[in-house]
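Student: Listed here are the chains, written in short residue letters.
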Amino acid sequence: MNQPNLTLKDFASDQEVRWCPGCGDYAILKTVQKLLPALDRPRENQVFVSGIGCSSRFPYYMNTYGFHTIHGRAPAVATGVKLANPELDVWVITGDGDGFSIGGNHMIHTLRRNLNLQILVFNNEIYGLTKGQYSPTSRIGTLSPSSPAGSIDPPLSPCAVAFGAGGSFIARSIDTHAKHLTEVIGAGHAHKGTAFIEILQNCPIYNDGIFEPVKDRQTAPDFRVEVEHGKPVLFGKNNEKAIRLDRDSLTLEVVPADADGVLVHDETNPALAQLLAAMRGPDFPIAIGVLHRRQQPSFDEQFSRRKGESRAGNLGALLLSGNTWAVS
Amino acid sequence: MELIEEKLDEHHLDQREVVDVVVRFAGDSGDGMQLTGANFTLATALYGNDLSTFPDFPAEIRAPVGATFGVSAFQIYFGSDDIVTAGDAIDVLVAMNPAALTTNLSNVTDGGLIIADRGAFTTKNLAKAGYAVNPLDDGSLAEFRVLDIDISAQVLAAVESFGLGHKASLRCKNMWTLGLIMWLFDRDRAAIVRNLQTKFANKPEIAGANIAALNAGHAFGETAELPTGIHVYRVPRASSEPGLYRNITGTQALAWGLLAGIELAGIDMLFASYPITPASNLLHELTARKDFRVSTFQAEDEIAAVCTAIGASFAGSLGVTSSAGPGIALKSEGMSLAISTELPLIVIDTQRGGPSTGLPTKTEQSDLNMALFGRHGDTPVPVIAPATPPECFDIAQEAVRIAIRYMTPVMLLSDGYLANAAERWRIPRIDDLEPLPVEYARDSADFSPARRDPETLARVWARPGTPGLEHRIGGIESNYDSGDISYDPANHQKMTEMRVGKVAGIVKDIPLQEVDLGEDSGKLAVVGWGSTYGAIHQGVKRARLEGHAVSHIHVRYLNPLPGNLGELLGRFDSILVPEMNTGQFARLLRAEYLLDVEILSKVSGQPFKIGEILAAIHAKCREIEAVQ
Numbered sequence: 010m011n012q013p014n015l016t017l018k019d020f021a022s023d024q025e026v027r028w029c030p031g032c033g034d035y036a037i038l039k040t041v042q043k044l045l046p047a048l049d050r051p052r053e054n055q056v057f058v059s060g061i062g063c064s065s066r067f068p069y070y071m072n073t074y075g076f077h078t079i080h081g082r083a084p085a086v087a088t089g090v091k092l093a094n095p096e097l098d099v100w101v102i103t104g105d106g107d108g109f110s111i112g113g114n115h116m117i118h119t120l121r122r123n124l125n126l127q128i129l130v131f132n133n134e135i136y137g138l139t140k141g142q143y144s145p146t147s148r149i150g151t152l153s154p155s156s157p158a159g160s161i162d163p164p165l166s167p168c169a170v171a172f173g174a175g176g177s178f179i180a181r182s183i184d185t186h187a188k189h190l191t192e193v194i195g196a197g198h199a200h201k202g203t204a205f206i207e208i209l210q211n212c213p214i215y216n217d218g219i220f221e222p223v224k225d226r227q228t229a230p231d232f233r234v235e236v237e238h239g240k241p242v243l244f245g246k247n248n249e250k251a252i253r254l255d256r257d258s259l260t261l262e263v264v265p266a267d268a269d270g271v272l273v274h275d276e277t278n279p280a281l282a283q284l285l286a287a288m289r290g291p292d293f294p295i296a297i298g299v300l301h302r303r304q305q306p307s308f309d310e311q312f313s314r315r316k317g318e319s320r321a322g323n324l325g326a327l328l329l330s331g332n333t334w335a336v337s
Numbered sequence: 009m010e011l012i013e014e015k016l017d018e019h020h021l022d023q024r025e026v027v028d029v030v031v032r033f034a035g036d037s038g039d040g041m042q043l044t045g046a047n048f049t050l051a052t053a054l055y056g057n058d059l060s061t062f063p064d065f066p067a068e069i070r071a072p073v074g075a076t077f078g079v080s081a082f083q084i085y086f087g088s089d090d091i092v093t094a095g096d097a098i099d100v101l102v103a104m105n106p107a108a109l110t111t112n113l114s115n116v117t118d119g120g121l122i123i124a125d126r127g128a129f130t131t132k133n134l135a136k137a138g139y140a141v142n143p144l145d146d147g148s149l150a151e152f153r154v155l156d157i158d159i160s161a162q163v164l165a166a167v168e169s170f171g172l173g174h175k176a177s178l179r180c181k182n183m184w185t186l187g188l189i190m191w192l193f194d195r196d197r198a199a200i201v202r203n204l205q206t207k208f209a210n211k212p213e214i215a216g217a218n219i220a221a222l223n224a225g226h227a228f229g230e231t232a233e234l235p236t237g238i239h240v241y242r243v244p245r246a247s248s249e250p251g252l253y254r255n256i257t258g259t260q261a262l263a264w265g266l267l268a269g270i271e272l273a274g275i276d277m278l279f280a281s282y283p284i285t286p287a288s289n290l291l292h293e294l295t296a297r298k299d300f301r302v303s304t305f306q307a308e309d310e311i312a313a314v315c316t317a318i319g320a321s322f323a324g325s326l327g328v329t330s331s332a333g334p335g336i337a338l339k340s341e342g343m344s345l346a347i348s349t350e351l352p353l354i355v356i357d358t359q360r361g362g363p364s365t366g367l368p369t370k371t372e373q374s375d376l377n378m379a380l381f382g383r384h385g386d387t388p389v390p391v392i393a394p395a396t397p398p399e400c401f402d403i404a405q406e407a408v409r410i411a412i413r414y415m416t417p418v419m420l421l422s423d424g425y426l427a428n429a430a431e432r433w434r435i436p437r438i439d440d441l442e443p444l445p446v447e448y449a450r451d452s453a454d455f456s457p458a459r460r461d462p463e464t465l466a467r468v469w470a471r472p473g474t475p476g477l478e479h480r481i482g483g484i485e486s487n488y489d490s491g492d493i494s495y496d497p498a499n500h501q502k503m504t505e506m507r508v509g510k511v512a513g514i515v516k517d518i519p520l521q522e523v524d525l526g527e528d529s530g531k532l533a534v535v536g537w538g539s540t541y542g543a544i545h546q547g548v549k550r551a552r553l554e555g556h557a558v559s560h561i562h563v564r565y566l567n568p569l570p571g572n573l574g575e576l577l578g579r580f581d582s583i584l585v586p587e588m589n590t591g592q593f594a595r596l597l598r599a600e601y602l603l604d605v606e607i608l609s610k611v612s613g614q615p616f617k618i619g620e621i622l623a624a625i626h627a628k629c630r631e632i633e634a635v636q
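As given, the protein sequences belong to chains X and W, one line each in that order.
Reading the first sequence from the start, the letters are residues 10 to 337 in the numbering used here.
Reading the second sequence from the start, the letters are residues 9 to 636 in the numbering used here.
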């Protein structure tokens with residue numbers, strides 16, 4: 010069933026948005042509210058499920074079904090929603106702490122099962138709602154109330170974890186890069202299976218500017234590369250630089266765009282995609298776009314098929330199954 | 009009160025006809041004792057005796073051969089009347105090796121029969137069981153009747169023609185032993201032969217060898233010259249209400265009760281669980297029921313299991329999760345979310361010995377406090393507990409009813425004994441069960457997710473997918489009227505009181521407490537909950553036959569407690585609460601009713617014995633008389 014003429018406004022709830030001024034979450038919210046009418050799916054079938062943290066307030070601002078759950082558990086709750094009613098479009102909204110620290114286990118297993126839902130990870134490399142502690146994606150040396158001398162634990166890469174868990178759709182985008190984010194989320198929604206989307210998101214209060222080189226118009230061409238399936242991996246102001254695979258060391262290198270053997274992005278090749286996903290500044294640009302996508306049966310589809318259509322079970326017959334005897 | 013045991017005044021095997029008998033099969037965990045017990049149970053049920061069984065197995069799957077900690081046992085108590093426990097003292101012990109003998113001997117009644125496999129009483133096995141000399145030879149078993157047979161040799165001879173090889177042939181030892189016990193109690197082998205043929209349908213030679221062993225064991229009883237006093241015993245059939253009967257374990261009854269509940273409610277169930285002893289069998293049982301409105305999901309952990317169940321309930325199914333103590337502890341934050349968001353949820357705790365990993369395969373009732381109080385915030389939750397394996401069927405339906413009628417999580421407390429024990433069950437007629445109608449919200453006019461039924465205080469159940477009812481719920485405190493986030497102090501007070509009042513109000517919707525046995529006032533009430541039912545029932549019954557004024561009250565609703573319970577208990581001079589913890593329910597009764605309640609605690613991982621309850625009643629009665 011289609012609802013004609015739905016607009017951004019139809020997806021905005023009546024709740025006052027309470028993120029800090031300048032928070033990247035505003036941009037993501039707008040992008041999603043704008044994208045949903047275009048997806049041409051019934052509004053009542055949209056369900057946003059979140060955990061705890063700044064990003065997890067997201068469902069309150071969407072005029073859809075929403076469930077603000079507990080810390081780290083959104084993928085598990087979303088799994089229940091999807092299994093109970095596979096017709097629903099289920100969106101998981103989480104952050105770096107919610108999704109990769111306290112809720113890391115559910116993230117891994119949801120990806121592994123390939124449940125048909127979208128997971129949007131708002132990665133700002135910091136704990137915002139608890140007032141600025143370093144997170145599992147914070148870079149070494151991050152100064153925070155819980156690491157006044159700088160954090161010492163190496164960060165994890167959400168996309169690398171998603172690859173490790175066998176994710177079938179792995180993408181990265183940027184909060185304020187609306188056009189790109191719209192395309193990536195749209196592609197994720199179209200994917201049958203778990204669509205994992207890491208969104209680099211700025212926290213203006215506790216980790217301001219952490220992604221600035223990737224976002225700033227002046228520096229972005231040198232610090233990020235937008236990968237597209239079947240196209241050479243080029244970057245720089247005039248696309249003068251490229252990425253190439255060194256076949257001896259199986260590592261990537263930056264070469265001039267006209268060099269031989271420039272890498273052409275193949276999103277179906279997880280090995281190459283992982284190398285692209287792992288690129289970090291300052292020596293390499295950060296890769297955004299759909300890094301990996303492959304077709305694989307979704308868990309819910311198989312779950313429903315295994316379950317079958319039959320509801321013919323007869324309770325009376327069940328109670329009488331096996332050995333019974335009559336007493337008269 | 010101190011736990012002591014009185015020997016019940018019984019000498020079962022002195023007569024040719026006996027009223028009730030306890031048989032315990034014990035051997036290595038690989039000896040097939042559980043299968044043997046299950047088959048004997050079937051034959052006994054078909055014979056027409058009342059019965060109760062108790063499998064007692066180690067946590068180790070395949071412990072080293074001959075080890076005392078690897079002994080796996082199956083106990084069956086059967087007779088002609090009112091069998092509600094697995095029995096106190098063992099009348100017939102089947103000991104497949106020295107370890108099985110030494111771990112069970114102290115429970116064998118004087119004059120009881122011990123059937124031992126001499127072939128397994130090797131020097132090595134004797135040493136493993138701590139015997140310096142063979143107890144079959146040193147006269148230490150003189151007070152018992154002993155039948156020592158080289159079962160291994162008998163079996164090898166009986167199945168030789170099937171050419172199975174030594175090891176596979178010896179696997180038939182349990183069937184040979186079963187054959188002998190079948191002879192001893194005059195049971196019909198036909199059903200077991202059918203079972204073996206079905207079980208080994210693809211391996212006819214294995215089926216044949218097992219059946220041959222079964223028949224050989226039986227023939228041995230018929231023909232061998234047995235020691236004096238060992239003969240066929242007759243156990244009269246039980247007189248029971250007319251109807252169709254079957255045996256059922258607590259786990260089976262619980263699973264079927266849940267299926268009945270969703271059938272009566274007309275909704276789907278998502279059962280999400282993580283493997284844990286002794287709760288996993290419920291997952292297995294429901295997974296096998298694909299053609300009912302149940303789906304099962306094995307989650308990555310306990311927290312995911314409860315959260316998946318909650319997600320399913322949000323989407324309009326009934327979410328159910330199940331575990332034992334350690335797993336329930338992990339689910340507590342999820343349960344609080346379901347309480348806060350007012351979603352139906354059933355949490356089943358098959359309690360086992362704690363704390364921590366504790367005694368995974370042994371029974372205990374020590375999660376009551378956790379069920380009642382073990383969550384953050386003021387989080388009242390209805391708690392109910394079945395008393396017997398068959399009653400699990402009714403209490404599971406009751407859990408469904410309360411969860412959907414009140415939009416609340418419900419905790420159901422089973423335990424390791426109830427889950428595995430089997431009793432005779434008169435099969436109910438499905439048409440006699442009460443429908444449990446569910447109403448989802450449909451009307452979008454003035455819809456609010458906070459709308460509630462003025463009578464039950466249950467919040468509206470609005471399923472995603474319903475046009476016009478789009479709404480958000482969450483664990484942040486919500487406004488009483490709109491359901492929106494609210495940090496307002498007065499609203500939090502109101503919401504907290506509403507949550508407490510909603511669960512407290514269920515008292516109007518549950519039966520008044522009845523007296524299970526005896527008068528509704530008097531000198532002494534023995535008050536129990538959960539799986540202690542059988543031992544208390546028998547203990548009180550025997551005390552009453554002796555002339556003691558004692559009553560048995562068994563509580564199924566632990567929160568809210570039945571409306572008349574305080575007043576009823578107040579009519580007794582003394583109250584004794586036997587429970588398999590250190591007094592959790594007794595303290596609840598003290599706190600609720602300001603009554604002087606005495607605790608009889610047992611936490612050995614084993615159920616109460618009738619003799620222990622009886623001893624406590626005797627002690628209490630002496631005390632009461634001394635005061636007067």
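If you are wondering where the hints come from, they were derived from the structure by calculation, not from laboratory data.
Misleading hints may appear alongside valid ones.
Residues of chain X clear of chain W, computed beta-carbon distances all greater than 12 Å [claimed, not checked]:
hint, residue
1, Asp23
2, Lys91
3, Gly325
4, Ala335
Partner residues aside, some chain X positions facing chain W, computed with beta carbon under 7 Å [what the hints assert, rightly or not]:
hint, residue
5, Asn14
6, Thr16
7, Trp28
8, Asn72
9, Thr73
10, His77
11, Ile79
12, Val90
13, Leu92
14, His115
15, Ala321
16, Gly322
17, Leu324
18, Asn332
19, Thr333
Treat the numbers as computed from the prediction; the structure is a model and nothing was measured.
Virtual Cβ for every residue (Gly too), placed ideally from N, Cα, C.
Student: May I ask which of the numbered hints given earlier this structure violates, with the numbers listed in increasing order?
Tutor: Of the numbered hints, 1, 2, 3, 4, 5, 6, 7 do not hold.
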